[in-house]
Amino acid sequence: METRDSIQDVWGPRTPQEAGVWPARADARVLEEPTEWVQSWCVLCSTGCGMDIGVRDGRMVGVRGRTNDRVNHGRLGPKGLHGWEANHSADRLTSPLIRKGGKLVEASWDEAMELIVQRSKDIREEHGPGGIGFYNTGQLFLEEYYTLATVAEAGIGTSHVDGNTRLCTATASMALIESFGTDGAPGSYTDFDVTDAIFMIGHNMPSTQTVLWARVLDRLEGANPPKLIVVDPRPTVAAQRADVHLAPRPGTNLALMNGLLHAMIERGYVDSAYVEAHTTGLDDVIRTTDPWTLERTAGVTGIPLERLEAAVEILGRTPTLVSTCLQGVYQSLQATATAVQVNNLHLIRGLIGKPGSTVFQMNGQPTAQNTRECGANGEFIAFRNWNNPDHIADTARVWNVEPSTLPTWTPPTDAMTMWRYCESGGIRMLWIMATNPAVSLPELGRIHKILESENLFVVVSDAFLTETARRADVVLPAAIWGEKTGCGTNADRTVHISLKAVEPPGEARSDLDILLDYARRMDFRDKDGGPLVKWTDAEGAFEQWREMSRGRPCDYSGMSHQKLIGSGGIQWPCNEQYPDGRERLYEDGVFNTAFEECEVYGHDLVTGGAYEPNEYAAMDAKGKAWLKGAEYVPPPEQPDASYPLFLTTGRVTYHFHTRTKTGRAAALQAAAPEPIVEIHRADAEKLGIADGDIVEVASRRGTANGIARLTGIEPGVVFMPFHYGDWDAPGRKGAANRLTLTGWDPVSKQPHFKFAAVKVRAIGRSDDLADTSADTAESRGGLTDQALGEAELAETRR
Amino acid sequence: MTQRPPAADDGKPKGDVPPQVFSPAAAPVPGEPGPREEASRARATPPAAKPPLAQFLGVMKGSLEQLHSALILLAERHEKDYDVSRTATILAGWVHEDALALQPFIDYYGIVHSDQPERIRAGLLGGVRTGLLGLMVDLTDVSMLIQQVEMSWKIVFQAGKELHDEGLLAVSGSGRAHAKRALRWTRTMLDHAAPEALTSGPDTTKTAEASIPKGPDRVSAIPEPVWGPVAGGLMLAIVGAVGLLVGRPWLLPSLGPSAALAAEMPAHPATRPWNTFMGHVGGLIAGFAGVFLAGAAGQPSVLTDHVLVPPRVLASVIAIALTILIGGLLKASHPPAAATTLLVSLGSIKTLEDSLNLVAGAALITVVGFLFREVRIHRVTPSERMAPSDSLVRRFLRRSPG
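Chain order of the listed sequences is V and Z. If you read the first sequence in this note's numbering, its first letter stands for residue 25, the second for the next number, and so on. If you read the second sequence in this note's numbering, its first letter stands for residue 210, the second for the next number, and so on.
Be aware that a few hints might be false.
What the hints assert, rightly or not - Derived DMTMM-like pairs: lysine to aspartate or glutamate, alpha-carbon spacing no greater than 20 angstroms straight-line:
id, chain 1, residue 1, chain 2, residue 2
1, Z, K389, V, D561
2, V, K587, V, D561
3, Z, K389, V, E636
4, V, K587, V, E611
5, Z, K389, V, E639
6, V, K378, V, E611
7, V, K783, V, D715
8, Z, K389, V, D307
It should be emphasised that the hints constitute simulated quantities derived from the structure, not laboratory data.
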């Protein structure tokens, strides 16, 4: 039974607001009638939709949206309705594996854990704590990240703790910190319900956050639709719906934002009273945006002048505005600088902290927010400042350790630098949790070499033998969502609980249990000789997390597992002052920028140079938001005669990350079985490429193959989704990250995936592909965004 | 020309890094004359006498040139460390901008060239600099050059105040702000890298390739212990081969030190072609002058007759003093030329033919040394190298809409 076909109709029927309220729509898909419904939420994007898992005879048989949930009001997208099928895949890992004689062979938990513990102790002895690194994810639960941070920072004492959230959310957090003092989304999804204008920058919401887009669609087709401005080089569904579509050349986002800000300042679209009372640094923005007349901006970005004009007039005049940024900003050039200019746009117009006005620095993964909060991704725990002795002492107090033992002498190491240290031999043991860097990182050839290096002991915990796990020395079978209890926080600070619905397969264990076992075997102690990790389950971890977060911006002290059970999601801060959570931050225009409160002392957005504590103290913003400008710098790699096209990578509607789960859900996989290569019709004609041809895309770093899809993408730009490794099709060369380059933002350290110079040539017809599924060859590459958009618009017109 | 001056028409971005000035109103608007142009145009007649500022502008300009080249060297050596190579390249662009902005003031106030910045640079960035430890040492060295630039801008800024030169104040203020930002960056990089660099093992993967392959400038990244001997040997091999080819004894003892200096310290001002050639010619003249003044012409030659007589000693004393004096007067200091001086004063070079052989050898080592020096220290910014003529960068640089 399913309430709707979410594959063909991704966003479902329209449900316009009734009396200002977004009505509920109960989406469900069950294969058998469940005997029990267990509360959870969807972990296949950052929207955070409340859902129940249907259980029968100890197996998952379906899911349904929770209509009382504040995020989705009962709706679920295609990934949510289908993705759970992966839990029962036949190829789940059920036993630990250890590499012996070059092959991974089954082993007992005791054997695997003892090996890991022995290596950890040896390496710590020989190379110090910095010889051990942890590369985690945005897929685990809050309790697991908190335990990881405790083990790594207070137990081992290494600062090499980061995750693939660096690829997805690092810029979101740094941009918020640079402007507002600390991390945390200022607004609420309800702002979409009342806003007069939506500005999406590099955010393909219809594909990546389908339920949130359904919310926007209901506004667009209801009374008083908001104006929609979309920045995207591709003709995405959102772009086709937009009042103004701005398609910049790759690597010119900051030029665009500087141009828009310049015009707004010049035309007086500035709330001077707000700027005066609640911000500092306008002069800096005026200086850096000054050269960016709209004419020059049009020349550099390739966007027609009249579209820029139209965008400025909307942005300058709208009484309320919601902006959202995602990977088109974060994974492109000058990421933090660009995202901060979006914050600046809201600040100079005073459009923040009130209903219908906020900026969403979005997340990619379901619990990316929690890695940031728990200090498992390079931030210091609970949005504290690793450079502030008081904050360090406070952390040490909760853990009951000496402050000097915490690795706070440098900022936490970022992921790309960790991989560099793995390459250079500084890190000898890397523990990878629930993520697949062998597909997701840029310049895969290099990453594969590092993983396969003799000098690096690689531990992988995962549910499947991923491309990464296959290169590990020890593989630990992990219990996943639905098989363990834990909490997660979405992109609008809503906290959900997901309860254990079924038993994990075989001997699989949750990462929490694995970490607790590791801590016990390593015998980590606090300063009084008691065990460092004092909890034995998720609820216990949450209890200490409440203490760790108490009084911090991400205050969970008023929450508990019991309070979350049955709720429709609770936003932090949740404490005595806000027992039911706080919907909007900064309503009073007071930001967390005071010297004692701020999370970081700030950076030069162009170089990444960090301000010293005394410098920050001297210019203390004392609660005013920072307006920080940045000069545009062109990308390091440009198309040339040998590699004449720009490659940009991204996502498709039906897949999440490296398809570890979505590739194992039959309908999702069938909807997008092979990587596509989107190319403009004119470019394709020049290269003799027809729709459906298998094409080879080549960069200076490698080659990848996909099926050509001729669309109205910007001429000179090709697009490839990055999801496709080769676990399900050995020999497939579909990973777009074979092409991307090693490079990252100087402030957030988020890698670049959105520009690389490539060339494309046809190497065959997709009809030649061996028939691996029942669908027709025509649909082998799946629907493009443009086709989806056209179908949807046609639907609307009927 | 041994230094590569910032060419005004090389298409470098003039607007991608707008100079930091004191008020937004003073920022240059693309396509329109900026305050500096106006300032220099307003002063049609230069001051009658070069003020002392002209002397310091030589230091300022030289410091910027050295820093520009050092930043690009840093970027190339540490290409594997993306943030180093990328940001160092951006900073090099700023320095280049600042040098361009300074030019109208040099045109107006005049300039007295100084090799002080080159001397500072020559002591830095040598040795094997690979891996994180090498990066740390290189960053420290580059910081010193940035500091030199920062202080020089400060001095120029103070002069601008005294001269009531608004344009100079704007340019030096902007340049100084760039230098401060560059220093903040190097300090941050050192902060981050130090614990790993100083406590973990050596870099085990020297072979890892950078993401965007280098052009022909790979030679700048060859470690000094390899480059020095190879370059020195090759230089003498070329001079010797030419000598053999034409059948003349053009390979002379005093060319050895010249080759060694060019191989080991290519950035040192003493290895410039002018210094090398004029140094040896000066040494020759000084040697003969010494022999003449000491009356040593008829005395036995020390090296062939194996006797040392007082007139030869006196000739050598006079000659070496004259060599250093001539080197200083001609701004052609070249310590290896002192060997030429002694060849004459000790009686190994006596005739016109001997002298011409030496001049020919000196000319050869000058040309060969120049080539090796250029290959080793000449810098092209990666963006200049990468960007094809019709690329986005070029279009951006031209700032033409569409």
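Against the structure, the hints come out as follows:
1. Z/K389 - V/D561: violated (51 angstroms)
2. V/K587 - V/D561: The given pair, whose Cα atoms are some 17 angstroms apart, holds under the 20 angstroms limit.
3. Z/K389 - V/E636: Given pair Z/K389, V/E636 holds - Cα atoms ~13 angstroms apart, limit 20 angstroms.
4. V/K587 - V/E611: violated (26 angstroms)
5. Z/K389 - V/E639: holds (13 angstroms)
6. V/K378 - V/E611: Judged against 20 angstroms, a Cα distance of about 6 angstroms means the pair holds.
7. V/K783 - V/D715: holds (17 angstroms)
8. Z/K389 - V/D307: holds (18 angstroms)
Violation of the numbered hints given earlier is confined to hints 1 and 4; the remaining hints are satisfied by the structure.
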